[in-house]
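Colleague: Top to bottom, those sequences are chains P and Y.
Final position of the first sequence in the numbering used here is 609; the numbers increase by one with none missing.
Final position of the second sequence in the numbering used here is 199; the numbers increase by one with none missing.
Since the hints were derived computationally from the structure, they do not count as laboratory data.
Do not take every clue at face value.
Sample of chain Y residues at the chain P side, in silico, Cβ under 8 Å [what the hints assert, rightly or not]:
| no. | residue |
| --- | --- |
| 1 | S49 |
| 2 | V53 |
| 3 | A54 |
| 4 | I57 |
| 5 | G60 |
| 6 | L75 |
| 7 | R76 |
| 8 | S77 |
Now the in silico label distances, taken between C-beta atoms and shown as ranges [said to hold, decoys possible]:
| no. | chain 1 | residue 1 | chain 2 | residue 2 | range |
| --- | --- | --- | --- | --- | --- |
| 9 | Y | A13 | P | P599 | 30 to 40 Å |
| 10 | P | V267 | Y | I12 | 37 to 47 Å |
| 11 | Y | R178 | P | E471 | 29 to 39 Å |
Even glycine gets a Cβ: it sits at the ideal position worked out from N, Cα and C.
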Amino acid sequence: MLTRTFDADVRVFFCPQFRYPVTDSQRPAYTPRGARRGRLTFYDEVHSKVYTVAERFPLQSGAVLERPQLVYETWGTLNAARDNAVLICHAFTGSSHAASHHPDDGEGWWETMFGPGCAFDPDRWFIICANVLGGCYGSTGPVSPDPQTGRPYGAKFPVLTIGDMVEAQHRLVRHLGVERLRGVIGGSMGGMQALLYSARYPDFVSACLPIAAADRLSPDGIAYHAVGRKAIMTDPGWNEGNYDPLDPPRTGLTIARQLAHITYLNHEAMERKFERHRAGEGGVGYGWAPEFEVERYLDHQGEIFADRFDPNSYLYLSRAMDYFDLGETEPLEEVLARIRARLLVVSYLTDGFFPLDDMRRLVRALKRAGVDTTSVELPSPNGHDTFLTDTDVIGPLVRDFLRNTP
Amino acid sequence: MRIDYETIIAWIPEGARVLDLGCGTGELLAELNRRKQTRGVGMEISTECVAACISRGVSAYQGDLDQGLADLRSDSYDYVVLHQTLQSVRNAALVMAEAARVGRRLIVGFPNFGRWDVRLQVLAGRTPRTPDLPFEWYNTPNLHFFSLLDFRDFCREQGLRILREAHFVKNRRIRLVPNARASASLFELEPRKGTP
C-alpha cells in the first residue's frame, strides 16, 4: 500500500545524484550526497551552459550582485525569424534540467512534456530553461562564493524577488538571440515568473501559461513559508546561515519540506490519498514511530528533499514568493491590462497552496482587464504538484495552446 | 455547416467582440474568428469542452453560467451568443439579464417547444421526445421548455427589442407558422439600456 501511494511521486521526487555546484563554474566542487535512487537528476554537467548576467546586476531591493550567473539548458534550435523560443520557468525546488538531452541523460523534472508531438517538441521549438537566481542548481545563490570573501554567501546573500529572477532570465533570453518568446510557461513559482514576465515585457511574449500560480501568494502561503523558514533557522546547524554546505541543517529543511507537502494537497485530496491508512500490519503502535501512511509519506518527502536542496536557497526562494504580488503598487487589473500575450491559466481543484479561490481571482481580474484568457480547472488527486506528476493532462493543452498562438 | 451556425455567422459583423456562453467545443467561435475576424471568447462548464476549444485555438473560460457573469464589465462585448444554452441553465432570467448587461446585442437560439410533434405528444399524455429534445424526462439536461411565442413574451418583459428572427426545420429555414413548425429558433436582440 505504502509503495503504491508513492508510485505517482517516484518520478518526480526521488531525486538522486544531486550535485551542489558551489562554485560559479560548471564543475561542481562537491560530490553528490545520497545514493542514486532513480534516473531523475537536477543538474546536468554535460549540457548546462553558464551565462553571466551582468558585471553588476542591481536587484529590486537596491542591493547589487557582482557577476551573477545563470545555469541554463536548451533544447531544439532557434529559427531564422528568432521567434520559436519557449521559456520554461521552474518551480520552487526545480532546476534547469527540465528534460534529458539524449537517452543516456538523467531524466528531467518535466521529462514527459518533451518529445516529438509533445508540448515541448524540440523539432518545433527552441526551449530554454534556467535555474533561477538564488537557486542551488548552478545559478548564483546563497551557496555561491561571495566575491568579497571567497566563501559561500550563506545568509549574506541579498534578498531576491520574482522580478529579479525574471530580469535575469530576460537578459539570458535576449543573449540567446530571441526576438520574441512564443511562450513563457511555469508552475507555481514558475507561473509567478511567467505572469510577471508577460506584464513587464508585453511586446516580447505571445503566450503566457501560468499553472497553479496566481497573482499573489496568499497570507496562508506566507504563513507556511514563515514556519518552514523558522524550522530551518532554529536548527542549530543553520548557524546564522554559515554552515558548511556539506553539513547543512538537515532537520530544519526536512520539517520545512514536510510542512510544504501538507499545503500542496487540500483537505479533500488528503482524505482521498491517505485516508487513515496505516503502513505495514496496520495495527495501532501505541508509540511515536510513524505508523499512519500520511506520516510515512511526509517523512519520506522530507528525507529525499534534504538530500537534494540547500536550506539557505529554501529561505531565499520562499521569501521571493512571499513578496510576489502583482497588484501591490498599482491596481491588479491595470497591471494585467498591459499583457498582450494570450493566457492559459491552469488550476487544480485539489490544490491547497494556490486554491481555486486564488486562481479564480486571477482569472476574474484578467477578464476585467480584457486580456485574451483561457482558463481551465482540472481534477487531480495530486494537488499543487499535479503539473509535475500528471503531465498527460496538461501536456496536450500546453502543446495545442502554444501551436495555436500566433 | 449547420444552418443555425451559418445564420449566426451572417448576422455578426466583421471584427465584433463576441462572447459565446455555453460555447461547447468552440466550433462556432472558431468559424466566426476565421470568417469574420471576430475576437471571440467562450464560456463553458465542461473541462473537456474547454480542452477542445484550446485545440481549436479558441479562447474560453471554464465556468458556470449560473454563478453569473459578475466578472465581466457591462457592454464589454458587441455580441453575446446563447446558442442552445438557455434551456439548460438553472436561472434563465438571471443569465439573460446578465448577458444583456455584458453585451450590446444578444443572439439566442433554442429548441422550439411549440412545434406540432411536441404538442401531439403532450396531447397523448406523454413528455415529448423529438430529434431536437432527444432526452428522457429523467436524464434531460434541459430545465426549461418554451416555445418561440413564450420567448417573444419573455423578451418584451425583459426589455429586449427583437431585431430579427430565424426559424429552422432540420437544416432548412422556414417563414410560415414558425411556432407550429420550427424545431429551433434564433433571435437577435437589443437590450434597452438607460443611458449611463
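Colleague: Could you work out which of the previously given hints the structure breaks and list their numbers from low to high?
Modeller: Going through the list in order, the structure violates hints 1, 8, 10, 11 and respects the others.
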